[in-house]
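A.B. asks: So you can see what is in the structure, the chains are spelled out below.
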Amino acid sequence: MTGPDYLWDRSGPPDPDVARLEAALAPLRHRAPLQLPDTARPRRPRRTAWIGGGAVLAAAAALALWWMLRPPAAPACAAATDGFRFEAVAGAPRCDGATVARGWLPVGAALETGAGDAVRVDVADIGKVVLGGGSRLALVASSPREHRLALTRGQLHARVTAPPRLFVVETPAATAVDLGCEYELTVGGDGGGLLRVASGLVELEAPGRLVVVPSGAQARLRAGRGPGTPVALASVARLGPAVDRFDAGDQAALAEILASAGPVDTVTLWNLLLAVDGDARGRVFDRLSELSPPPEWVLRDAVLAGDAQALREWRQALEGEWLYGDLPTKTPAPP
Amino acid sequence: MEAALIWMALPRGGRLAVAAGAGEGRRVADSPSVADLVRAAQRGQRDAFAALYDRFGGVVHAVVLARVPVSDAADLVQDVFLAAYERLGALREPAAFPGWIVSIARNRAIDHLRAPRPIDDPPETGAPPAPVAEAHEVLAAIRALPETYRETLVLRLVEGFTGPEIAERTGMQPGSVRVHLHRGMTLLRQRLGIAPPAGADTDRAADEVEP
Numbered sequence: 001m002t003g004p005d006y007l008w009d010r011s012g013p014p015d016p017d018v019a020r021l022e023a024a025l026a027p028l029r030h031r032a033p034l035q036l037p038d039t040a041r042p043r044r045p046r047r048t049a050w051i052g053g054g055a056v057l058a059a060a061a062a063l064a065l066w067w068m069l070r071p072p073a074a075p076a077c078a079a080a081t082d083g084f085r086f087e088a089v090a091g092a093p094r095c096d097g098a099t100v101a102r103g104w105l106p107v108g109a110a111l112e113t114g115a116g117d118a119v120r121v122d123v124a125d126i127g128k129v130v131l132g133g134g135s136r137l138a139l140v141a142s143s144p145r146e147h148r149l150a151l152t153r154g155q156l157h158a159r160v161t162a163p164p165r166l167f168v169v170e171t172p173a174a175t176a177v178d179l180g181c182e183y184e185l186t187v188g189g190d191g192g193g194l195l196r197v198a199s200g201l202v203e204l205e206a207p208g209r210l211v212v213v214p215s216g217a218q219a220r221l222r223a224g225r226g227p228g229t230p231v232a233l234a235s236v237a238r239l240g241p242a243v244d245r246f247d248a249g250d251q252a253a254l255a256e257i258l259a260s261a262g263p264v265d266t267v268t269l270w271n272l273l274l275a276v277d278g279d280a281r282g283r284v285f286d287r288l289s290e291l292s293p294p295p296e297w298v299l300r301d302a303v304l305a306g307d308a309q310a311l312r313e314w315r316q317a318l319e320g321e322w323l324y325g326d327l328p329t330k331t332p333a334p335p
Numbered sequence: 001m002e003a004a005l006i007w008m009a010l011p012r013g014g015r016l017a018v019a020a021g022a023g024e025g026r027r028v029a030d031s032p033s034v035a036d037l038v039r040a041a042q043r044g045q046r047d048a049f050a051a052l053y054d055r056f057g058g059v060v061h062a063v064v065l066a067r068v069p070v071s072d073a074a075d076l077v078q079d080v081f082l083a084a085y086e087r088l089g090a091l092r093e094p095a096a097f098p099g100w101i102v103s104i105a106r107n108r109a110i111d112h113l114r115a116p117r118p119i120d121d122p123p124e125t126g127a128p129p130a131p132v133a134e135a136h137e138v139l140a141a142i143r144a145l146p147e148t149y150r151e152t153l154v155l156r157l158v159e160g161f162t163g164p165e166i167a168e169r170t171g172m173q174p175g176s177v178r179v180h181l182h183r184g185m186t187l188l189r190q191r192l193g194i195a196p197p198a199g200a201d202t203d204r205a206a207d208e209v210e211p
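Residue numbers (our numbering), protein chains in the order written: chain A, 1 to 335; chain B, 1 to 211.
Rather than coming from a laboratory, the hints here were simulated on the basis of the structure. Here a beta-carbon is modelled for each residue, glycine too, at the ideal position from N, C-alpha and C. Treat the hints with caution; some may be incorrect.
Claimed, not checked - If you want a taste of the chain A side facing chain B, the calculated C-beta under 7 Å gives, among others: (1) Leu7; (2) Pro42; (3) Leu273.
Said to hold, decoys possible - Between beta-carbon pairs, the in silico distance windows are: (4) B:Arg43 with A:Ala92: 38 to 44 Å; (5) A:Arg312 with B:Ala195: 29 to 35 Å; (6) B:Ile194 with A:Ala280: 22 to 28 Å; (7) A:Glu146 with B:Asp75: 35 to 41 Å; (8) A:Val107 with B:Ala133: 56 to 62 Å; (9) B:Ala90 with A:Ala198: 25 to 31 Å; (10) B:Ala90 with A:Gly12: 42 to 48 Å; (11) B:Asn107 with A:Ala305: 46 to 52 Å; (12) A:Asp15 with B:Ala133: 19 to 25 Å; (13) B:Asp111 with A:Asp38: 21 to 27 Å.
Could you put the whole structure together from the sequences, leaning on the hints where they help?
C.D. replies: Shown next, in the form of structure tokens:
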């Protein structure tokens with residue numbers, strides 16, 4: 001399905017210009033061996049070896065004193081030493097029911113905020129979440145393979161720098177899977193909500209439904225029905241009502257979407273390819289091709305057949321437009 | 001430098017042979033994961049850290065070479081890895097190592113440029129050998145491109161990583177890497193006066209060349 005591309009992966013015949021530049025730049029290639037001093041050692045983040053016996057005893061005494069004088073409802077989150085570190089930015093958040101200004105959110109515990117509260121949460125080493133007012137956020141799991149939170153109400157702003165799929169936020173309607181990005185997630189009282197992506201990409205997953213939301217786009221979270229079709233923020237007023245009707249089951253709205261879709265709406269159309277089939281998928285393919293032709297190796301028949309690789313290849317080609325908004329656009333082919 | 005096979009103990013028992021030696025990271029007999037290497041290095045296994053250097057030395061070199069004078073790049077790479085080694089115990093997420101070390105490299109390179117010293121290469125005594133002079137000329141053209149494309153082009157054209165390898169070792173999306181490579185190459189051709197290949201669409205890319 002993918003044609004040879006020497007610049008990308010050295011497949012196919014060498015591009016003579018690229019090969020000449022590779023040869024010209026070869027003298028600058030990294031060759032030096034590692035020079036690690038014998039004295040270098042990884043530092044422990046919390047070393048205790050320097051603590052003498054007296055210091056240990058003093059610490060033990062202080063701990064015992066704190067234990068005896070601690071409030072009756074000692075907050076587990078304040079005592080925790082593992083999980084995600086958090087700190088109140090405004091107001092007085094609760095962690096596992098106890099008011100705690102700062103501490104660690106352990107796996108299984110939840111942070112709750114009142115109106116006007118805000119809490120900053122460090123997501124391991126990979127990013128930060130700011131939890132807004134009227135919210136409930138639980139830490140479901142934390143491991144080197146995945147950090148999983150659950151937002152059951154309220155709003156959060158997440159900024160993560162990590163390999164894709166390491167940071168996940170569950171909501172009642174869909175699960176947001178980070179692909180390296182910054183976004184805002186809102187969940188209302190009925191479990192529905194909204195995802196707005198500021199940079200990078202987020203996948204919203206629900207049983208039988210997957211959408212990709214890039215920077216500059218939003219998608220609704222529909223309680224009991226999974227994620228809605230993403231819409232570019234610049235098109236919400238123009239295209240949003242028709243997309244909402246289509247997501248609610250009005251198939252006739254598809255014609256309105258296709259007719260009014262412009263160059264910034266390729267994100268809506270690519271996601272619609274996953275939501276429709278048969279003749280409707282062919283119509284979406286044709287309109288999307290007019291706005292942004294697929295790579296030549298992505299064939300119409302393959303897309304109409306739902307070929308996952310073809311859809312992925314087209315998506316990867318479109319990601320440049322979605323993420324940077326300034327890819328070269330080609331003139332639509334004449335009808 | 002010739003690659004030498006070393007034996008490395010892994011967390012769940014077992015041992016794997018890995019290739020050690022700068023620039024030979026792709027000649028790996030049976031590669032342990034980055035996370036496994038990080039965990040082993042955190043326990044003090046210097047061979048594991050050497051294997052990380054072997055795998056990421058070129059990446060770090062490209063990141064700094066895209067920003068600092070050629071003559072400073074090698075020393076800066078050593079600084080980055082020394083800093084990384086000393087801070088490794090604080091890295092709670094071993095799988096995040098690629099993005100982590102790239103961040104250290106970018107910060108060190110930026111700090112280096114902010115330091116009170118000339119940012120251009122020092123004058124050479126006598127003309128450099130022709131191949132080196134050409135390399136410097138092409139590198140200067142890459143550095144004149146928008147920052148978005150510099151690192152990716154240096155990773156591909158200087159260090160020889162393929163697009164998929166760049167994505168894997170920097171944490172970037174493969175689609176983004178591909179876009180950066182093709183658009184960056186289009187701009188580089190223009191800057192070097194190389195005619196675009198037949199059928200290339202360069203109209204928009206041409207607008208992005210910095211004055």
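A.B. asks: Are the hints correct? Go through all of them and say.
C.D. replies: Status of the hints after comparison with the structure:
no. : hint                               : verdict
1   : Leu7                               : holds, 5 Å
2   : Pro42                              : holds, 4 Å
3   : Leu273                             : violated, 16 Å
4   : B:Arg43 with A:Ala92: 38 to 44 Å   : holds, 41 Å
5   : A:Arg312 with B:Ala195: 29 to 35 Å : holds, 33 Å
6   : B:Ile194 with A:Ala280: 22 to 28 Å : violated, 45 Å
7   : A:Glu146 with B:Asp75: 35 to 41 Å  : holds, 38 Å
8   : A:Val107 with B:Ala133: 56 to 62 Å : holds, 58 Å
9   : B:Ala90 with A:Ala198: 25 to 31 Å  : holds, 28 Å
10  : B:Ala90 with A:Gly12: 42 to 48 Å   : holds, 44 Å
11  : B:Asn107 with A:Ala305: 46 to 52 Å : holds, 47 Å
12  : A:Asp15 with B:Ala133: 19 to 25 Å  : holds, 23 Å
13  : B:Asp111 with A:Asp38: 21 to 27 Å  : holds, 26 Å
In summary, the structure is inconsistent with hints 3 and 6 from the numbered list given earlier, while agreeing with the others.
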